[in-house]
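Residue numbers for the sequence shown follow the working numbering, beginning at 1 and rising by one.
Keep in mind that the hints were calculated from the coordinates and are not lab data. Hints are supplied without guarantee of correctness; some may be wrong.
To be verified - Calculated cross-link-like contacts (lysine-lysine; reagent style DSSO-like; alpha-carbon spacing at most 30 Å):
#, residue 1, residue 2
1, Lys103, Lys93
2, Lys101, Lys90
3, Lys64, Lys76
4, Lys49, Lys64
5, Lys90, Lys76
6, Lys9, Lys24
7, Lys76, Lys49
8, Lys20, Lys9
9, Lys103, Lys76
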Amino acid sequence: MGRATDEIKNILRGKFFVGKDAFKSWMFVGFLFVLIIIVITSSQRVDAKVHQIAKLNEEVNELKSQFVDVRSRLQKVRLESSLLEQLDSKGLKQPEKPPQKIKVIVEE
1 MGRATDEIKN ILRGKFFVGK DAFKSWMFVG FLFVLIIIVI TSSQRVDAKV
51 HQIAKLNEEV NELKSQFVDV RSRLQKVRLE SSLLEQLDSK GLKQPEKPPQ
101 KIKVIVEE
C-alpha cells in the first residue's frame with residue numbers, strides 16, 4: 001500500500017511533468033488542451049446555428065401569415081360583387097343584356 005500512496009502523491013504533486021517521461025505527459029496534456037478547444041468551438045458554432053435556425057423559422061412563419069393575408073385580400077378583390085362596387089363608384093354599371101360575340105370573316 002505504501003507504493004500506491006507514493007504514486008498518488010507524485011501525481012498530485014505533478015512530478016510526472018518533470019520526470020524522465022515528462023515529454024509524454026506534456027504531449028498528453030497538449031492533446032487534451034487541443035480537444036477541449038475543439039469541443040468549445042464546436043459547441044459555440046452549434047449554438048449560433050440553433051439561434052440562426054430559430055430566427056429563420058420566425059421569419060418563415062411571418063412570411064406565411066403575410067401570404068395568407070394577401071391571398072385572402074386578393075380573393076375579396078376578385079369577387080364579382082367587389083368588382084361591381086368599384087365600377088359603380090366610377091360611374092360604370094353592369095349591362096342588363098349579356099355581350100354578343102361579333103365574328104369577322106375576311107375573304108381573300
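Notebook entry, point to check: If you check each hint against the structure, which ones fail?
Noted result: 7 and 9
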